[in-house]
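The sequence shown maps to residues 984 to 1488 in our numbering.
The hints are simulated quantities; they were obtained by calculation from the structure and are not laboratory data. C-beta: ideal position from N, C-alpha, C; glycine also. Treat the hints loosely; a few may be bogus.
Below are the DMTMM-like pairs computed for lysine to aspartate or glutamate, each with C-alpha atoms no more than 25 Å apart in a straight line [as the list claims (entries may be wrong)]:
| id | residue 1 | residue 2 |
| --- | --- | --- |
| 1 | LYS1363 | ASP1393 |
| 2 | LYS1305 | GLU1373 |
| 3 | LYS1198 | ASP1361 |
| 4 | LYS1122 | ASP1361 |
| 5 | LYS1312 | GLU1274 |
| 6 | LYS1103 | GLU1202 |
Okay, the calculated beta carbon distance ranges per label pair [unchecked claim]:
| id | residue 1 | residue 2 | range |
| --- | --- | --- | --- |
| 7 | GLY1487 | GLN1307 | 52 to 62 Å |
| 8 | LEU1011 | LYS1467 | 31 to 41 Å |
| 9 | SER1065 | ARG1215 | 32 to 42 Å |
| 10 | ASP1472 | SER987 | 46 to 56 Å |
| 11 | VAL1166 | GLU1132 | 33 to 43 Å |
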Amino acid sequence: MSQSAQDALKKLVDKTREISILDSCSSLLGWDERTYMPRQGADHRAEQLAFLAGLSHSRLVEPEIGDLLNTVKSSDLVNGASSDATVIVREIGRAYDRAVKMPQSLVEELTRVTTIAQGKWGEARAKSDFAAFKPWLEKVINLKKQEAEAVGYKEDPYNAMLDVYEPGATVTSIDETFTKHRVELVKLLDKIKGSGKEPDTSIITREYPVEEQKKFGHEAATAIGFDFERGRLDITTHPFCTGIGPGDTRITTRYDAHHFNGAFFGILHEAGHGIYDQGLPGDQFGSPLGEYISLGIHESQSRMWENMVGRSRAFWTYMYPKAQQHFPKALGDVSADAFHWAINDVRPSFIRVEADEATYNLHILLRFEMERAFFSGDLKVDDIPAAWNEKFKSYFGLTPKDDAQGCLQDVHWSAGLIGYFPTYALGNLYAAQFFAKADADLGGLHAQFAKGEFAPLKRWLHDNIHCHGRRYLANQLIERVTGKPLSHDALMAYMNKKFGELYGF
């Protein structure tokens, strides 16, 4: 083990830590842009973020980074598939190889345009005016196509987008997984529809004062393990989580005084993301060993806490008396069983972030197909609203009343996050497989939840997932932890059992 290689490894990590500090400044500015920044500050914020993105990119593509990578790669420090040096070289090398293919001008313009586009999307969504957003979406798509051509791809340009969020994933592999899942999902939905049973969903649309929703959401997030000494909760148009750095994780939600599910489960979802970020090794900040694996794995954490924990009957055995204290008028005459069924109602709905577990992945499959179509050029931007409504009708039997309820509901395209949506469905698949294994290892999670004991699951997730950073690729991690490759089997088993009990089949 040569001293020069050790020095090169240390210098490499020191350099990437400086880049991570720059990126964390961008994250903080991005969080502020979507929470507290005055709308008239958008143009200046775009310039700030573009400058920082360019600065970060210029540091990453320095020739010295390539030299340091080669020095470490050719040394005996790289002595195993998951050794520290191997992981660091693999992941920094991957980022470096992509970055050197990207012109700095394109990096800056992407950041500038997507920052402004997010504000334009918010305005267009509020007015349900796709025409106002269309020029910005065209700019974003054009820039992302330039990115795909710059970095290169195999078979399909959409693969260049997927690789950012789910390294190694391809259109072919995802399409195969989703097709098998869709077949089983439709069977489940047919059973639910054929049961002839429905909960009283008016329960969740009663009056839930926003101030009490804030208190109860904070209480629930604390209960499952989100640390408010190292994080905070704020309001935004479209909920998100941002890990600024060690000791600083921001989560957001939006409130509706007449819809309980939206804010509450949004908080649990984002708290799940936050728990993952807070569980990453803080002393490895700036190194791949301190970063999350993939967005599919990240989504597995949020979807698990939101649904497999937060929508379980056991969770509400513990939390429902507290809910009744916060909302005595809305819930004073409602049994825990009636409430539990109401929050797990299955029926087609327009808004993805408010969708039930059983129909949620259909929202993702729709977006996956839409993205592939407009990114390939098969679908023109002009035709997106009509194509969305037609596809939504075929998937859900519903037609959105306007574009805010349809193709303008998500922030992702304005932010340039093309290729992100599939990770939500992958997250559900990962979550079910991890949850089944944790349940077996911990001797029955529901009995623990009913007593308000959520720490065992949080520790299990930390020890098996969070603490590893990027030591393992997503497909390696799922097999290492559960002993099986990713499959839709665990998710369908979970949903068939849960909804079979609720709907009597």
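Hint check:
| no. | hint | verdict |
| --- | --- | --- |
| 1 | LYS1363 to ASP1393 | holds (19 Å) |
| 2 | LYS1305 to GLU1373 | violated (43 Å) |
| 3 | LYS1198 to ASP1361 | violated (47 Å) |
| 4 | LYS1122 to ASP1361 | holds (17 Å) |
| 5 | LYS1312 to GLU1274 | violated (44 Å) |
| 6 | LYS1103 to GLU1202 | violated (34 Å) |
| 7 | GLY1487 to GLN1307: 52 to 62 Å | violated (26 Å) |
| 8 | LEU1011 to LYS1467: 31 to 41 Å | holds (39 Å) |
| 9 | SER1065 to ARG1215: 32 to 42 Å | holds (34 Å) |
| 10 | ASP1472 to SER987: 46 to 56 Å | holds (49 Å) |
| 11 | VAL1166 to GLU1132: 33 to 43 Å | holds (35 Å) |
When the structure is compared with the earlier hints, violations turn up for hints 2, 3, 5, 6 and 7 and for no others.
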